[in-house]
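Chains as they are written, first to last, in numbering that gives the first Met the number 0: chain A, 0 to 201; chain B, 0 to 76.
Note that these hints are calculated values from the structure, not bench results. Heads up, some of the hints might be wrong.
In silico DMTMM-like pairs for lysine to aspartate or glutamate, Cα to Cα no more than 25 Å straight-line [what the hints assert, rightly or not]: (1) Lys26(B) with Glu49(A); (2) Lys26(B) with Glu157(A); (3) Lys127(A) with Asp52(B); (4) Lys15(B) with Glu111(A); (5) Lys26(B) with Glu57(A); (6) Lys143(A) with Asp52(B); (7) Lys143(A) with Glu17(B); (8) Lys34(B) with Glu111(A); (9) Lys26(B) with Asp107(A); (10) Lys26(B) with Glu31(A); (11) Lys23(B) with Glu155(A); (12) Lys23(B) with Asp107(A); (13) Lys34(B) with Glu176(A); (14) Lys127(A) with Asp35(B); (15) Lys23(B) with Glu111(A); (16) Lys15(B) with Asp149(A); (17) Lys15(B) with Asp107(A); (18) Lys26(B) with Glu155(A); (19) Lys26(B) with Glu37(A); (20) Lys15(B) with Asp125(A); (21) Lys23(B) with Glu157(A).
Each chain is listed here by its residues.
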Amino acid sequence: MKTVDAQGKMCPMPLIMTKKALSEISENETLEILIDNETSVKNVSRFLEEHNMGVAIEKQGNVFRLRVNKTGIIPEETRAEDFCETPMPVSSDYVIAVQKNKLGQGSDELGELLIKGFINTLPEIDNKPETLVFLNSGIFLALKGSPVIDSLSRLENEGTKILVCGTCLDYYQKKGELGVGIVSNMYDILNVLSHAAKVLYP
Amino acid sequence: MPYHIFTFNSTHHVLKAEKLLLGKGIKHEIIPTPKDISSDCGMAIRINPVVSDPNDIEGVLMKNQIDFRIFVQSFNQ
Numbered sequence: 000m001k002t003v004d005a006q007g008k009m010c011p012m013p014l015i016m017t018k019k020a021l022s023e024i025s026e027n028e029t030l031e032i033l034i035d036n037e038t039s040v041k042n043v044s045r046f047l048e049e050h051n052m053g054v055a056i057e058k059q060g061n062v063f064r065l066r067v068n069k070t071g072i073i074p075e076e077t078r079a080e081d082f083c084e085t086p087m088p089v090s091s092d093y094v095i096a097v098q099k100n101k102l103g104q105g106s107d108e109l110g111e112l113l114i115k116g117f118i119n120t121l122p123e124i125d126n127k128p129e130t131l132v133f134l135n136s137g138i139f140l141a142l143k144g145s146p147v148i149d150s151l152s153r154l155e156n157e158g159t160k161i162l163v164c165g166t167c168l169d170y171y172q173k174k175g176e177l178g179v180g181i182v183s184n185m186y187d188i189l190n191v192l193s194h195a196a197k198v199l200y201p
Numbered sequence: 000m001p002y003h004i005f006t007f008n009s010t011h012h013v014l015k016a017e018k019l020l021l022g023k024g025i026k027h028e029i030i031p032t033p034k035d036i037s038s039d040c041g042m043a044i045r046i047n048p049v050v051s052d053p054n055d056i057e058g059v060l061m062k063n064q065i066d067f068r069i070f071v072q073s074f075n076q
């Protein structure tokens, strides 16, 4: 029995190795493939099953042991990498948490200039954030008359959720001046941050 | 109507120009200088000519001796 060790390999490597090994063994011979991540297990199984080869999967600790009987030929022109399904969703799944009305550390006036440039660029990039969260002095950016209010409205119209910290609006006495987004509490905000694939802190 | 983009020689001039425009109540947007204009990672000021008159801005900047260049860019990128 031939064994392919694809541990530590990311897609499409396990697929390519499996395809190559199958071409090297004879009909009805068994191939064993060792994989250490579930995504690759799914991809390789799907690849084999679509070529009418049943797979037996056994999990031992962190290693998946796939066994397949070669029952047919995988055409040379089949692109193994087409069976790659990375866990990365294509849609936007990131959140930007704006914790102050400046970007980065250092000069305040530079930080204020940079955050305006940052937010004014967001409507123009392809991968827009799923949600924007404004906390502490960050809320000033979401007030009526803010220098970035047009960009934020554009983002909101195009589907980005905008959450503004209610406690912060209250603290700075700006409740009546909110220009965009919805007033949120820490439950909503933490819920959004904890479910985000990633969070950017400008 | 295409956007007018004002670029400057330094970030300090951008800040100075911004202060002047804010003081005059002239609506504008701070943006990173578009890559097709300059590869520097500078900041620029964008004007929507429907909202603000570029001539006003030119006047203010020249009066205050701030060097600038103007680029015209279409809305749909």
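Comparing the hints with the structure gives:
{"no.": "1", "hint": "Lys26(B) with Glu49(A)", "verdict": "violated (60 Å)"}
{"no.": "2", "hint": "Lys26(B) with Glu157(A)", "verdict": "holds (23 Å)"}
{"no.": "3", "hint": "Lys127(A) with Asp52(B)", "verdict": "violated (30 Å)"}
{"no.": "4", "hint": "Lys15(B) with Glu111(A)", "verdict": "holds (13 Å)"}
{"no.": "5", "hint": "Lys26(B) with Glu57(A)", "verdict": "violated (65 Å)"}
{"no.": "6", "hint": "Lys143(A) with Asp52(B)", "verdict": "holds (22 Å)"}
{"no.": "7", "hint": "Lys143(A) with Glu17(B)", "verdict": "holds (19 Å)"}
{"no.": "8", "hint": "Lys34(B) with Glu111(A)", "verdict": "holds (21 Å)"}
{"no.": "9", "hint": "Lys26(B) with Asp107(A)", "verdict": "holds (22 Å)"}
{"no.": "10", "hint": "Lys26(B) with Glu31(A)", "verdict": "violated (67 Å)"}
{"no.": "11", "hint": "Lys23(B) with Glu155(A)", "verdict": "violated (29 Å)"}
{"no.": "12", "hint": "Lys23(B) with Asp107(A)", "verdict": "holds (22 Å)"}
{"no.": "13", "hint": "Lys34(B) with Glu176(A)", "verdict": "violated (35 Å)"}
{"no.": "14", "hint": "Lys127(A) with Asp35(B)", "verdict": "holds (21 Å)"}
{"no.": "15", "hint": "Lys23(B) with Glu111(A)", "verdict": "holds (19 Å)"}
{"no.": "16", "hint": "Lys15(B) with Asp149(A)", "verdict": "holds (22 Å)"}
{"no.": "17", "hint": "Lys15(B) with Asp107(A)", "verdict": "holds (14 Å)"}
{"no.": "18", "hint": "Lys26(B) with Glu155(A)", "verdict": "holds (21 Å)"}
{"no.": "19", "hint": "Lys26(B) with Glu37(A)", "verdict": "violated (53 Å)"}
{"no.": "20", "hint": "Lys15(B) with Asp125(A)", "verdict": "violated (31 Å)"}
{"no.": "21", "hint": "Lys23(B) with Glu157(A)", "verdict": "violated (31 Å)"}
Consistency with the previously given hints fails for numbers 1, 3, 5, 10, 11, 13, 19, 20 and 21, ordered from lowest to highest.
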